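S.K.: Sequence:
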Amino acid sequence: MRSAVDGRTEHEILHNLRIWGQGKTLIISAHRLSALTEASEILVLQQGSVAQRGDHDALTASAGWYRDMYRYQQLEAALDDDENEKGVPHG
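Take the sequence shown: its position 76, counted from the start at 1, is 76 in the numbering used here, and no numbers get skipped.
Keep in mind that the hints were calculated from the coordinates and are not lab data. The structure presented is a predicted model; accordingly, all values stated were derived computationally and were not measured. For every residue, glycine included, the Cβ atom is placed at its ideal position computed from N, Cα and C. There's no promise every hint is true.
To be verified - If you anchor each label on the Cβ, the simulated ranges turn out as follows:
#, residue 1, residue 2, range
1, 69, 4, 10 to 20 angstroms
2, 24, 75, 26 to 36 angstroms
3, 71, 41, 17 to 27 angstroms
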């Protein structure tokens, strides 16, 4: 799984959203769940219905799609970091 936005750019976007969004309600659609860790409320939609609801800590503490996908993405990021350190090209 690859994102069109690298980690540094994602960090800059989220930083600016935090500043711009103070006191506002923001709706963010994200494939990379690391972008949601500071959200006050996260909704997981499956087949048009809310399957899970809570903040990042609550959703990673309980079994379900969010926790499974977050763990998968963390593992994938760690493997990518390891490949980058070894100079392995991405395919």
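S.K.: Would you mind marking each hint as holding or not holding in the structure?
M.R.: We went through each hint and held it up to the structure:
1. For residue 69 paired with residue 4, a C-beta distance near 18 angstroms keeps the hint of 10 to 20 angstroms intact.
2. Residue 24 and residue 75 have their C-beta atoms about 33 angstroms apart, which keeps the hinted 26 to 36 angstroms range intact.
3. Taking the beta carbon of each, residue 71 and residue 41 are about 21 angstroms apart, inside 17 to 27 angstroms as hinted.
Of the numbered hints given earlier, the model fails none.
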